[in-house]
Amino acid sequence: MPQLDTSTWFMMIMSMFLTLFIIFQLKVSKHTFLFNPEPMSTKLQKQNTPWETKWTKIYLPLLLPQ
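Quick note, this note's numbering runs 32 ahead of the 1-based positions in the sequence shown.
Because the hints were derived from the structure by calculation, they are not lab data.
Be a bit skeptical, because a hint or two may be false.
To be verified - Simulated DEER-style distance windows between Cβ atoms: (1) Asn68 to Asp37: 51 to 57 Å; (2) Glu70 to Leu36: 56 to 62 Å; (3) Ser39 to His63: 36 to 42 Å; (4) Val60 to Leu36: 32 to 38 Å; (5) Asn68 to Met48: 37 to 43 Å; (6) Phe67 to Trp41: 43 to 49 Å; (7) Glu70 to Phe49: 33 to 39 Å; (8) Phe67 to Met46: 33 to 39 Å; (9) Trp41 to Lys75: 55 to 61 Å; (10) Gln35 to Leu58: 35 to 41 Å; (11) His63 to Met43: 27 to 33 Å; (12) Glu70 to Thr40: 51 to 57 Å.
Beta carbons are placed, not taken as given, at the ideal position from N, Cα and C, and that holds for glycine.
Let's have the full structure, built from the sequences with the hints guiding it.
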């Protein structure tokens with residue numbers, strides 16, 4: 033059974049890391065970043081729900097007249 037030749041693995045792994053680094057740098061360089069970011073307001077906006085605007089009553093089946 034022949035032995036596995038591992039002499040080229042180091043160059044393959046290093047070239048893969050180099051390629052991934054270059055691709056990552058190209059991807060990041062295409063993004064635009066804000067120079068002076070402004071903090072967003074943290075006020076919570078109240079959302080009106082339908083059950084808050086009208087009166088509702090829940091009838092249980094045992095309380096209904098028979």
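Verification of the supplied hints:
1. Asn68 to Asp37: 51 to 57 Å: The hint (51 to 57 Å, Cβ to Cβ) holds, given that Asn68 and Asp37 are roughly 56 Å apart.
2. Glu70 to Leu36: 56 to 62 Å: Once the Cβ atoms are compared, 58 Å apart, the range 56 to 62 Å for Leu36 and Glu70 holds.
3. Ser39 to His63: 36 to 42 Å: holds (40 Å)
4. Val60 to Leu36: 32 to 38 Å: Given about 37 Å between the Cβ atoms, the range holds.
5. Asn68 to Met48: 37 to 43 Å: Between Asn68 and Met48, where Cβ atoms are some 38 Å apart, the hint holds.
6. Phe67 to Trp41: 43 to 49 Å: Between Phe67 and Trp41, where Cβ atoms are some 44 Å apart, the hint holds.
7. Glu70 to Phe49: 33 to 39 Å: holds (38 Å)
8. Phe67 to Met46: 33 to 39 Å: Hint holds: Cβ distance 36 Å, inside 33 to 39 Å.
9. Trp41 to Lys75: 55 to 61 Å: At 57 Å between Cβs, range holds.
10. Gln35 to Leu58: 35 to 41 Å: holds (39 Å)
11. His63 to Met43: 27 to 33 Å: holds (32 Å)
12. Glu70 to Thr40: 51 to 57 Å: Once the Cβ atoms are compared, 52 Å apart, the range 51 to 57 Å for Thr40 and Glu70 holds.
Violated hints are absent here; each numbered hint is respected by the structure.
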